[in-house]
Amino acid sequence: MTHVSIKDLTKVYPGATDPSLDRLSLEIPSGELTALLGPSGCGKTTTMKMIAGLLEPTSGDVAFDGRSVLNDKPENRGVVMVFQNYLLFPYMSVADNVGFGLKMRKIPAAEIKRRVGDMLDLVKLPDLGNRKPSALSGGQQQRVALARALIVQPNVLLLDEPLSNLDAHLRFEMRDLIRSLQQDMGITTIFVTHDQEEAVVLADRVALILDGKMKQYDTPDMFYKRPVDEATARFFGGHNFIQGVSDGRMFDSALGRLVLPDGATTGPGKLTFRPENVRIWHNETSGQNTLSATINDIIYLGTQTRLKLLVGETPIEAVVNPNEIERFTTGDSLPIHLPKSTLWVIA
Amino acid sequence: MQETRRMRSFRILTGAVLITWLVLPLIPLAIWSFAKGWFYPDLLPRNWSLRAWEYALSDTAGVIDSLWLTIWISLAATALSILVGVPAGRALGMYKFRGKEIVELMILAPTIVPGIAVVLGIHSVFISMGLNNSVTGVILVHLIPTLPYMVLVMAGIFANYDPAYEAQARSLGASPLKTFWYVTLPAIRPGIIVGGLFAFLVSWSQYILTLLIGGGRVETLPLLLFNFATAGRNDITGAIGMIYILPGIVILLLTAKHLSGRSGAVGGFGQI
Numbered sequence: 001m002t003h004v005s006i007k008d009l010t011k012v013y014p015g016a017t018d019p020s021l022d023r024l025s026l027e028i029p030s031g032e033l034t035a036l037l038g039p040s041g042c043g044k045t046t047t048m049k050m051i052a053g054l055l056e057p058t059s060g061d062v063a064f065d066g067r068s069v070l071n072d073k074p075e076n077r078g079v080v081m082v083f084q085n086y087l088l089f090p091y092m093s094v095a096d097n098v099g100f101g102l103k104m105r106k107i108p109a110a111e112i113k114r115r116v117g118d119m120l121d122l123v124k125l126p127d128l129g130n131r132k133p134s135a136l137s138g139g140q141q142q143r144v145a146l147a148r149a150l151i152v153q154p155n156v157l158l159l160d161e162p163l164s165n166l167d168a169h170l171r172f173e174m175r176d177l178i179r180s181l182q183q184d185m186g187i188t189t190i191f192v193t194h195d196q197e198e199a200v201v202l203a204d205r206v207a208l209i210l211d212g213k214m215k216q217y218d219t220p221d222m223f224y225k226r227p228v229d230e231a232t233a234r235f236f237g238g239h240n241f242i243q244g245v246s247d248g249r250m251f252d253s254a255l256g257r258l259v260l261p262d263g264a265t266t267g268p269g270k271l272t273f274r275p276e277n278v279r280i281w282h283n284e285t286s287g288q289n290t291l292s293a294t295i296n297d298i299i300y301l302g303t304q305t306r307l308k309l310l311v312g313e314t315p316i317e318a319v320v321n322p323n324e325i326e327r328f329t330t331g332d333s334l335p336i337h338l339p340k341s342t343l344w345v346i347a
Numbered sequence: 001m002q003e004t005r006r007m008r009s010f011r012i013l014t015g016a017v018l019i020t021w022l023v024l025p026l027i028p029l030a031i032w033s034f035a036k037g038w039f040y041p042d043l044l045p046r047n048w049s050l051r052a053w054e055y056a057l058s059d060t061a062g063v064i065d066s067l068w069l070t071i072w073i074s075l076a077a078t079a080l081s082i083l084v085g086v087p088a089g090r091a092l093g094m095y096k097f098r099g100k101e102i103v104e105l106m107i108l109a110p111t112i113v114p115g116i117a118v119v120l121g122i123h124s125v126f127i128s129m130g131l132n133n134s135v136t137g138v139i140l141v142h143l144i145p146t147l148p149y150m151v152l153v154m155a156g157i158f159a160n161y162d163p164a165y166e167a168q169a170r171s172l173g174a175s176p177l178k179t180f181w182y183v184t185l186p187a188i189r190p191g192i193i194v195g196g197l198f199a200f201l202v203s204w205s206q207y208i209l210t211l212l213i214g215g216g217r218v219e220t221l222p223l224l225l226f227n228f229a230t231a232g233r234n235d236i237t238g239a240i241g242m243i244y245i246l247p248g249i250v251i252l253l254l255t256a257k258h259l260s261g262r263s264g265a266v267g268g269f270g271q272i
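Protein sequences appear in the order of chains Z and X. Letter 112 of the first sequence, counting from 1, is numbered 112 in the working numbering, and no numbers are missing. Letter 121 of the second sequence, counting from 1, is numbered 121 in the working numbering, and no numbers are missing.
Take the hints with a grain of salt, since some may be wrong.
Capping the alpha-carbon separation at 30 Å, the derived lysine-lysine pairs in DSBU-like fashion look like this [claimed, not checked]:
id	chain 1	residue 1	chain 2	residue 2
1	X	K178	Z	K103
2	X	K178	X	K96
3	Z	K215	Z	K340
4	Z	K49	X	K96
5	Z	K215	Z	K7
6	X	K100	Z	K49
7	Z	K213	Z	K225
8	Z	K106	X	K178
9	Z	K73	Z	K225
10	X	K178	Z	K49
11	Z	K113	X	K178
12	Z	K113	Z	K103
13	Z	K132	X	K178
If you are wondering where the hints come from, they were derived from the structure by calculation, not from laboratory data.
The shape of chain Z in the complex, shown without the other chains (with noise of 0.2 Å):
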């Protein structure tokens, strides 16, 4: 159980201008898994090599329950990475793949033997030892380089883009056997991902990074019910931000007065809701934060229903159930109600 500090890590490349990562700072609690999520390109495999020890900060710092890493060498900090093509040695058993950390420890080989087994039980690889990593399919690759990492008990676990080579169906195999084996082992586990979905459905904690630096540190919910700023929402699919003004109980701007949930924001901000948050409003009567709007499009997506709504002049999105709407067309009118829980401002 290892408790993982970062605090105000830098890195310029030789060359850049502009910091690949700026000044990153996080508190990651021993056994948990937490999700670094940001687009491409924004620093999250930069700071991944930086806490292994595979790439050096240009400033900063990690230190393992207190104690500062940064003069340890990649093979003794205790941390191990998988990589996203998993890079299984092609030359080696898959035995010999999963034994490699113990053997470099220098453990019996009786003993490498006995607990690869274990390990390759454990992965649901049972049969599999004498193989060629070249033989396997991607998802059981990917089984084996887990296995490979855990094999070792270290103290810190990471993983690159850990679902995202699968298929559909992989996907949520993999996130079960990943997190029911980070937890029996209590692994500090960190995950790279660019896929906001990946993160949700995998971390306990998720760090979004945008533009090198840091947005929101969060459990997964709280990007969808409390987002930091706009850019927050958008990277979580959110869609209406109303500008206007709130006076910490109702929020006026174009969409008219609506009721706040308590303890919002005061002062000038913009409005947002999440487009799966938005009600067909199915009462005679008006009620609270209930307005008119009209349906300017319609975009069946299967299991659910974009409409692209106007209120007023102001375009907001909503996602409905299909049957809601069946007997509605674009250019119709309908009233839609905006549960004042579900209401958020951003300063």
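Since the structure of chain Z is provided, determine the placement of chain X on it from the hints.
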């Protein structure tokens, strides 16, 4: 894909031409080594003898000593080529740096510029360093023609090499030395074998460089062979010639599987 009859006959034809080209010139040499006089217009010698072989293998001829010396020089030149060629090939194959084209040209230069032009300058340098007329000097000067092959083969290997495997090994607890041994070396081994083979054979067949830097005191097999050839002893030349081509054939057979066109190791030549 099914091989058509036409493709098959073409394959057999090219094989036959290649074998004729390479093997045919060696046949008279082999016959000479067993001949007791062989005069025009006889198709084969009238009398046979083992005299040339007896002489070539005797202590007085110095062929055996020369053979061991040549093996030692070629092995040492090969080992040094590998030692220099692997890091140089890595730099050229994997990294971009200022002046890379010039470095590539300088490494290629010995294959274009005649050896004698280079060696005259080196000769005076070696004299001032006391390296002339010595085996060490000969080994070092052999690096001039052997290094281009080694470096180019390794550059080809490293151009297709992913250094992330090394990072992965380090992260799993391997020291830099163990990383090289368990991860880098297996990946580049075909290149080392092919490049080493070229280096060995190029060194093995050096004449001018050995003659000038060795000053006639370092008598390798080609030098010895040339002495007998110019002396008109065709039978002994034939016998020594057969001994001379032996290592090449043995090495070729041992490494044949790495020499196919599909091997990444030969890909480096695409860069020339």
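Quick rundown of the hints versus the structure:
no.	hint	verdict
1	X:K178 with Z:K103	holds, 10 Å
2	X:K178 with X:K96	holds, 26 Å
3	Z:K215 with Z:K340	holds, 25 Å
4	Z:K49 with X:K96	holds, 22 Å
5	Z:K215 with Z:K7	holds, 15 Å
6	X:K100 with Z:K49	holds, 28 Å
7	Z:K213 with Z:K225	holds, 21 Å
8	Z:K106 with X:K178	holds, 12 Å
9	Z:K73 with Z:K225	violated, 41 Å
10	X:K178 with Z:K49	holds, 20 Å
11	Z:K113 with X:K178	holds, 20 Å
12	Z:K113 with Z:K103	holds, 10 Å
13	Z:K132 with X:K178	holds, 21 Å
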